[in-house]
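Student: Sequence order for the protein chains is A and B.
Residues in the first sequence are numbered consecutively from 0, following numbering that gives the first Met the number 0.
Residues in the second sequence are numbered consecutively from 0, following numbering that gives the first Met the number 0.
Do not take every clue at face value.
Same chains, same names: a pair is fine if it fits in one copy or spans any two.
In the DSSO-like style, the derived pairs of lysine-lysine whose C-alpha atoms are separated by at most 30 angstroms in a straight line are [to be verified]:
id, residue 1, residue 2
1, 23, 40
2, 113, 20
3, 40, 63
4, 139, 24
5, 195, 171
6, 20, 139
7, 204, 40
8, 20, 70
9, 68, 40
10, 40, 20
11, 204, 32
12, 68, 139
13, 100, 40
14, 40, 70
15, 32, 148
16, 23, 113
17, 23, 63
18, 148, 23
19, 204, 20
20, 204, 100
21, 112, 24
None of these hints come from the bench; they were simulated from the model.
2 protein chains.
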Amino acid sequence: MYDCIIVGSSVAGISAAINLKIRKKDFLLLGNKDFSPKVQKAELIQNYVGMPDISGCELSGALKEHLEKMKIEITEARVNSIMSLGDYFMLSAGSDVYESKTIILATGVEFSKKIEGEDTFLGRGVSYCATCDGMFYRGKTIAVVGSSKEAEKELWYLAELANTVYYFPLYKAEETAVKQENITIVSERPVKLSGKERVTEIEDKTGKIWNIDGVFFLKDALAPSALLNGLENDGMHIVVDRNMRTNIPGCFACGDCTGRPYQYMKAAGEGNIAAHSVVDFLTN
Amino acid sequence: MYDCIIVGSSVAGISAAINLKIRKKDFLLLGNKDFSPKVQKAELIQNYVGMPDISGCELSGALKEHLEKMKIEITEARVNSIMSLGDYFMLSAGSDVYESKTIILATGVEFSKKIEGEDTFLGRGVSYCATCDGMFYRGKTIAVVGSSKEAEKELWYLAELANTVYYFPLYKAEETAVKQENITIVSERPVKLSGKERVTEIEDKTGKIWNIDGVFFLKDALAPSALLNGLENDGMHIVVDRNMRTNIPGCFACGDCTGRPYQYMKAAGEGNIAAHSVVDFLTN
């Protein structure tokens with residue numbers, strides 16, 4: 000049983016981890032070893048106080064150095080779901096299950112809008128988690144909508160199970176890198192899902208219809224409501240108070256997932272606060 | 000008329016200034032060119048994300064470099080009071096008066112507790128502002144309670160006016176540096192004020208009583224309630240929402256003055272948010 004599991008390894012999650020380490024807590028930092036693609040891609044950051052005019056790459060380097068110095072490891076895993084069990088939490092990531100007294104959500108924010116029908120068919124052919132639901136589509140025909148290159152690993156996992164995969168990359172995908180025998184790359188944006196009981200069709204921007212048995216949306220950040228049942232949110236962001244507490248006792252949030260401004264400095268500050276709140280929570 | 004005046008030049012105020020500069024706002028950053036004494040004194044900071052294991056001196060150097068690179072100047076002035084005039088603010092600092100559409104308070108937090116009678120005699124012999132009230136004590140006997148070395152400049156100003164000054168330093172004062180003909184250094188802590196209509200006595204820890212006409216408390220951070228009338232506070236901290244808004248429209252706050260944890264990272268994050276809120280406020 001961990002003291003805390005931090006979900007997300009961008010600036011907010013890292014700030015929380017550094018503070019939990021200083022306070023000698025037993026925690027797990029789940030995320031991507033390359034941090035967030037958003038940090039990597041930033042061209043010039045002018046307002047990271049004390050580090051004028053740094054690039055996203057340089058900031059990533061500084062984060063990496065800080066983590067190494069403090070001997071903090073990032074565990075690479077995509078979180079499928081979290082359950083609050085009153086006194087503690089159960090978290091499933093990949094094929095593992097972890098237990099923790101507290102949770103810090105630093106999941107970022109997803110900019111891609113939902114498409115028509117996405118909410119309607121959630122759980123009826125619409126999934127956000129390849130490892131959770133992939134096996135239901137063995138030998139079937141599916142669509143996969145990938146928000147970024149990060150989605151490709153899961154795409155290949157799904158392609159091993161499904162018979163036919165229509166891949167809708169929402170980014171500039173390298174065709175040669177992605178392509179496999181049963182993957183068809185569709186370069187038009189998907190706009191609509193339809194069906195009766197379950198989703199059966201996905202329509203692209205040109206009006207072309209692709210028949211499917213299911214569709215996976217592989218987003219950079221999971222909608223918080225999809226991650227943890229009953230978590231209060233305003234549609235796009237997790238609702239927190241000034242101590243970074245969510246409505247679920249023991250569950251805290253920080254960074255872009257709590258709202259604007261989407262800024263590294265804000266994320267770092269909120270991660271710090273969230274860690275302090277976790278320490279207070281564990282003491283009481 | 001400025002777009003914004005930032006009161007306080009520690010990490011929170013600097014973070015706000017950097018963001019207002021990027022957003023091309025016309026602002027004034029009031030404070031101390033050496034930043035806060037607290038930053039300078041910090042021995043080792045482990046949790047400033049991206050800058051592992053830096054000293055307070057090194058952080059100060061990084062702040063200075065950042066300000067220079069962005070051509071942001073600190074105006075050295077001690078703020079006496081701020082008045083909200085509905086559409087804008089008037090701020091008096093030293094002998095100058097400034098006008099601004101918005102205010103960001105980044106005044107830090109004062110750790111020295113109030114002494115018995117301090118509240119009772121406020122305005123009846125108790126003052127927090129040498130330049131505002133000094134002239135009332137020409138030729139009189141006063142006590143001066145200084146929270147840190149920063150108070151000494153004002154002590155000397157008061158010693159020019161008053162006949163006799165009892166100086167109670169709450170820090171390790173260098174006697175030779177402070178001493179002037181009419182200044183008596185009292186090394187015992189002051190504990191109590193008494194009098195009838197006005198304060199007439201200050202008692203030190205040993206029970207010794209010093210007869211006075213008035214007393215100046217020169218603190219590192221002014222109590223926010225003393226700075227701006229009607230500002231909602233919980234006794235020690237300014238009450239803000241998640242956007243760093245206070246209860247007074249156009250007045251924002253960030254950093255230690257808004258509450259715990261007292262952390263550079265939190266201060267930097269909140270300064271960033273406050274600046275973004277100012278930009279939003281000016282747009283609407």
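Student: Determine for every hint whether it applies to the structure shown.
Tutor: For each hint, the structure was consulted:
1. With identical chains, the CA atoms of residue 23 and residue 40 are at most 30 angstroms apart between copies only, with a shortest distance of 24 angstroms across copies and 33 angstroms within one.
2. In this assembly of identical chains, residue 113 and residue 20 lie within 30 angstroms of each other by CA distance neither inside one copy nor across copies; the values are 37 angstroms within and 35 angstroms between.
3. For a Cα distance limit of 30 angstroms, the shortest separation of residue 40 from residue 63 qualifies both inside one copy, at 16 angstroms, and across copies, at 27 angstroms.
4. Taking the closest pair of Cα atoms, residue 139 and residue 24 never come within 30 angstroms of each other, the shortest separation being 45 angstroms inside a single copy and 57 angstroms across copies.
5. Proximity of residue 195 to residue 171 under the C-alpha cut-off of 30 angstroms is found in neither arrangement, the shortest distances being 32 angstroms within a copy and 79 angstroms between copies.
6. Within a single copy, residue 20 and residue 139 get their C-alpha atoms no closer than 46 angstroms, and across copies no closer than 56 angstroms, so neither meets the 30 angstroms cut-off.
7. For the identical chains of this complex, residue 204 and residue 40 are intra-copy neighbours only, at 27 angstroms inside a copy versus 60 angstroms across copies, given an alpha-carbon limit of 30 angstroms.
8. Proximity of residue 20 to residue 70 under the C-alpha cut-off of 30 angstroms is restricted to the intra-copy arrangement: shortest distance 9 angstroms within a copy versus 37 angstroms between copies.
9. Taking CA atoms no more than 30 angstroms apart as the test, residue 68 paired with residue 40 passes in both settings, with 24 angstroms inside one copy and 23 angstroms between copies.
10. Both within a single protomer and between protomers do residue 40 and residue 20 lie at most 30 angstroms apart by alpha-carbon distance, with minima of 28 angstroms and 23 angstroms respectively.
11. Within a single copy, residue 204 and residue 32 get their C-alpha atoms no closer than 35 angstroms, and across copies no closer than 57 angstroms, so neither meets the 30 angstroms cut-off.
12. Neither within a single protomer nor between protomers do residue 68 and residue 139 lie at most 30 angstroms apart by alpha-carbon distance, with minima of 48 angstroms and 58 angstroms respectively.
13. In this homomeric assembly, residue 100 and residue 40 never come within 30 angstroms of each other (Cα to Cα): the closest approach is 34 angstroms inside a single copy and 36 angstroms across copies.
14. For a Cα distance limit of 30 angstroms, the shortest separation of residue 40 from residue 70 qualifies both inside one copy, at 25 angstroms, and across copies, at 27 angstroms.
15. Taking the shortest Cα distances, residue 32 and residue 148 sit within 30 angstroms of each other inside one copy (15 angstroms), while across copies they are farther apart (46 angstroms).
16. Taking CA atoms no more than 30 angstroms apart as the test, residue 23 paired with residue 113 passes in neither setting, with 41 angstroms inside one copy and 35 angstroms between copies.
17. In this homomeric assembly, residue 23 and residue 63 come within 30 angstroms of each other (Cα to Cα) only inside a single copy, at 20 angstroms, whereas the closest approach across copies is 32 angstroms.
18. Taking the shortest alpha-carbon separations for residue 148 and residue 23, neither the intra-copy value of 35 angstroms nor the inter-copy value of 35 angstroms comes in at or below 30 angstroms.
19. When the C-alpha separation of residue 204 and residue 20 is checked against a cutoff of 30 angstroms, the pair qualifies neither within a copy, at 48 angstroms, nor between copies, at 41 angstroms.
20. When the C-alpha separation of residue 204 and residue 100 is checked against a cutoff of 30 angstroms, the pair qualifies neither within a copy, at 46 angstroms, nor between copies, at 47 angstroms.
21. When the C-alpha separation of residue 112 and residue 24 is checked against a cutoff of 30 angstroms, the pair qualifies neither within a copy, at 37 angstroms, nor between copies, at 32 angstroms.
Hints 2, 4, 5, 6, 11, 12, 13, 16, 18, 19, 20 and 21 from the earlier list are contradicted by this structure; the remaining hints agree with it.
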